Amino acid sequence: MKKGALVALFASLVAIGVAYASAIASRGTATWSPWVMAIATSVAMVATMALGAARADRPNAGLGKLVVPFAAVLLIMVGAFAAALFLPAAGEPLLLGLPRRAAIVLYGIGVLPVFILPLAYALTFDELTLTEEDLTRVREAAATDEEDR
Numbered sequence: 018m019k020k021g022a023l024v025a026l027f028a029s030l031v032a033i034g035v036a037y038a039s040a041i042a043s044r045g046t047a048t049w050s051p052w053v054m055a056i057a058t059s060v061a062m063v064a065t066m067a068l069g070a071a072r073a074d075r076p077n078a079g080l081g082k083l084v085v086p087f088a089a090v091l092l093i094m095v096g097a098f099a100a101a102l103f104l105p106a107a108g109e110p111l112l113l114g115l116p117r118r119a120a121i122v123l124y125g126i127g128v129l130p131v132f133i134l135p136l137a138y139a140l141t142f143d144e145l146t147l148t149e150e151d152l153t154r155v156r157e158a159a160a161t162d163e164e165d166r
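Positions 18 to 166 (this note's numbering) are the ones given, in order, by the sequence shown.
The set of hints was computed from the structure by calculation and includes no laboratory data.
Quick caveat: nothing in here was measured; it's all calculated off a predicted structure.
It is possible that some hints are incorrect.
[Unchecked claim] Simulated restraints, written as ranges between beta carbons of each label pair:
no.	residue 1	residue 2	range
1	Tyr37	Arg156	41 to 51 Å
2	Ser43	Thr148	45 to 55 Å
3	Gly81	Leu152	13 to 23 Å
4	Glu144	Ser43	30 to 40 Å
5	Leu152	Leu115	38 to 48 Å
6	Glu109	Ala158	25 to 35 Å
7	Tyr124	Ala158	20 to 30 Å
All C-beta atoms in this analysis are idealised placements derived from N, C-alpha and C, irrespective of residue type, glycine included.
Could you put the whole structure together from the sequences, leaning on the hints where they help?
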């Protein structure tokens, strides 16, 4: 799982780089470029979250039940970017004081994950945090370190 997250992060960063290089080389934006940026940015964010939560010594990198909220966040982010890309740019009504496209990106990408991820981590805290063996190993390492001083 950790290797998959690394591959996803690397591939998404390469895709972002290709989209930027295309825009710079052609002095404009290709029709595919915003879509690549939207999907690759979403994948990079979720892959980074998975790497942060992964534990090498556990099956499935210790992600367990976090796979579901991570997938939900990915779908929300891709959906928000897609909605913003599909909507017309000019003459749109305001949504919560912002143009619809900006509101969808701000609230869909910035705010919704803030509600989902802390709740997911809180619900899986006991399952995914340090075990008694981990705490014993840390205490032994700290004691050994103090003896060496």
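Cross-check of the supplied hints:
{"no.": "1", "hint": "Tyr37 x Arg156: 41 to 51 Å", "in the structure": "47 Å, holds"}
{"no.": "2", "hint": "Ser43 x Thr148: 45 to 55 Å", "in the structure": "53 Å, holds"}
{"no.": "3", "hint": "Gly81 x Leu152: 13 to 23 Å", "in the structure": "19 Å, holds"}
{"no.": "4", "hint": "Glu144 x Ser43: 30 to 40 Å", "in the structure": "49 Å, violated"}
{"no.": "5", "hint": "Leu152 x Leu115: 38 to 48 Å", "in the structure": "47 Å, holds"}
{"no.": "6", "hint": "Glu109 x Ala158: 25 to 35 Å", "in the structure": "58 Å, violated"}
{"no.": "7", "hint": "Tyr124 x Ala158: 20 to 30 Å", "in the structure": "44 Å, violated"}
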